[in-house]
Amino acid sequence: MKQKTVKIEDSYNFKKTIVELVTQKALFKKIKVISLFSGCGGLDLGFEGNFNIHESCIKDDDFIKSKNGNTVILKDNPFEIVFCNDIMQEAKVAWEANFSNKLEYSTKSIRELKGYLLPKADLVIGGFPCQDFSLAGKRAGFSSERGRLYQEMARIIREVRPKAFVAENVYGLLSINGAIETIKKEFENGGYKVFHYPVEAQQYGVPQTRKRVFFIGIKESDLKRKIDEKEFLPKPSHFDKAVTLNQVFKNLSEPNESSDPDQKSYSKAKFYGLNCQGNKSVDINKPAPTIRAEHHGNIEFRRLENNGNGNDRRLTVREAAIIQTFPTSFSFIEKNGKKLLSQSASYKVIGNAVPPLLAYHFARKLGKLWHDIF
Numbered sequence: 001m002k003q004k005t006v007k008i009e010d011s012y013n014f015k016k017t018i019v020e021l022v023t024q025k026a027l028f029k030k031i032k033v034i035s036l037f038s039g040c041g042g043l044d045l046g047f048e049g050n051f052n053i054h055e056s057c058i059k060d061d062d063f064i065k066s067k068n069g070n071t072v073i074l075k076d077n078p079f080e081i082v083f084c085n086d087i088m089q090e091a092k093v094a095w096e097a098n099f100s101n102k103l104e105y106s107t108k109s110i111r112e113l114k115g116y117l118l119p120k121a122d123l124v125i126g127g128f129p130c131q132d133f134s135l136a137g138k139r140a141g142f143s144s145e146r147g148r149l150y151q152e153m154a155r156i157i158r159e160v161r162p163k164a165f166v167a168e169n170v171y172g173l174l175s176i177n178g179a180i181e182t183i184k185k186e187f188e189n190g191g192y193k194v195f196h197y198p199v200e201a202q203q204y205g206v207p208q209t210r211k212r213v214f215f216i217g218i219k220e221s222d223l224k225r226k227i228d229e230k231e232f233l234p235k236p237s238h239f240d241k242a243v244t245l246n247q248v249f250k251n252l253s254e255p256n257e258s259s260d261p262d263q264k265s266y267s268k269a270k271f272y273g274l275n276c277q278g279n280k281s282v283d284i285n286k287p288a289p290t291i292r293a294e295h296h297g298n299i300e301f302r303r304l305e306n307n308g309n310g311n312d313r314r315l316t317v318r319e320a321a322i323i324q325t326f327p328t329s330f331s332f333i334e335k336n337g338k339k340l341l342s343q344s345a346s347y348k349v350i351g352n353a354v355p356p357l358l359a360y361h362f363a364r365k366l367g368k369l370w371h372d373i374f
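Heads up: the sequence shown begins at 1 in UniProt numbering, then just goes up one per residue.
Any given hint could turn out to be false.
Derived DEER-like restraints, expressed as beta-carbon distance ranges [unchecked claim]:
(1) D60 / K120: 28 to 36 Å
(2) D61 / L233: 15 to 23 Å
(3) D62 / D240: 35 to 43 Å
(4) T107 / D228: 18 to 26 Å
(5) S221 / T182: 39 to 47 Å
(6) E254 / G115: 24 to 32 Å
(7) K338 / S258: 32 to 40 Å
(8) E104 / A269: 33 to 41 Å
(9) D228 / G191: 17 to 25 Å
Simulated from the structure, these hints should not be mistaken for laboratory data.
Quick caveat: nothing in here was measured; it's all calculated off a predicted structure.
Note that CB positions come from ideal geometry on N, CA and C, so glycine has one too.
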């Protein structure tokens, strides 16, 4: 019986095809993500993608999956959340009502989490508590228990050993002597090259003057090539012209005319004077001031300018969510007749969140680099 001769060239091409197929499969496989300090899911939503937003917030056609009127649907990102953690029960309620993922959302303290018990993941994300570093807060910083929770995030990262991590915090870190380097050093102890990026949300299409600092850590032992700090910073899309409230509120009905529970709900807190927090008049021809999480009496429920109907009122839950770039399909007060959060809890989880669109820009950038660097 005559044996068939296999040419070396054929064998090489076969192996090459197998490698290409494996590589192609890896490109389509979702990158597993552990989310810490998850809140209601602003960072998570941005990393997964596939949500609607007002067209004025998007300038890059590569972001757009489809259009519907003045709304665009953003493309999926290559990331999939597999575990969430936050001690705030209301945040869990909001997250589970709005994400289709069926996963564990733990409300344990992060101090109780053990990395070896968590799902396997190649990315860890989280906005560690920021009030203690905030310019608008009490500035307790590293002296408080909450101010040291970044150390717990760093511990989880060392235990899980993901290829990368993304962390977010307030701009006020930059003005605390040694804060940035102290935090970076803690994360670097796990074998990560850590970069930090001060950003202004309004330069990325968020209709809000919100300044933040992002940390990106890359596990050096997993790298295929050298990396540069500039690679991971997304290019601002709205550097010259910010999105205004007038643009994103244009088709919203007034609360008394709306069927949306989140648009019908707004604070009736009294006006205590222009010099009191929460009483600054919002100019709808500009981006909003920062939407904050801390609400005491009238704080942060900002008034609208006279919008043509002669009524001054505070921002609705929906308006606060839109300012943070949550999609209009994201529910806080009620969903399908089921009660979710109180009004005050809704404002709080919204103010605590990372704007999904800002997160999307970072996720999009990291997603495109992922298979090139790892």
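Among all the numbered hints in the text so far, which are the ones the structure does not match?
-> 3, 4, 5, 6, 7
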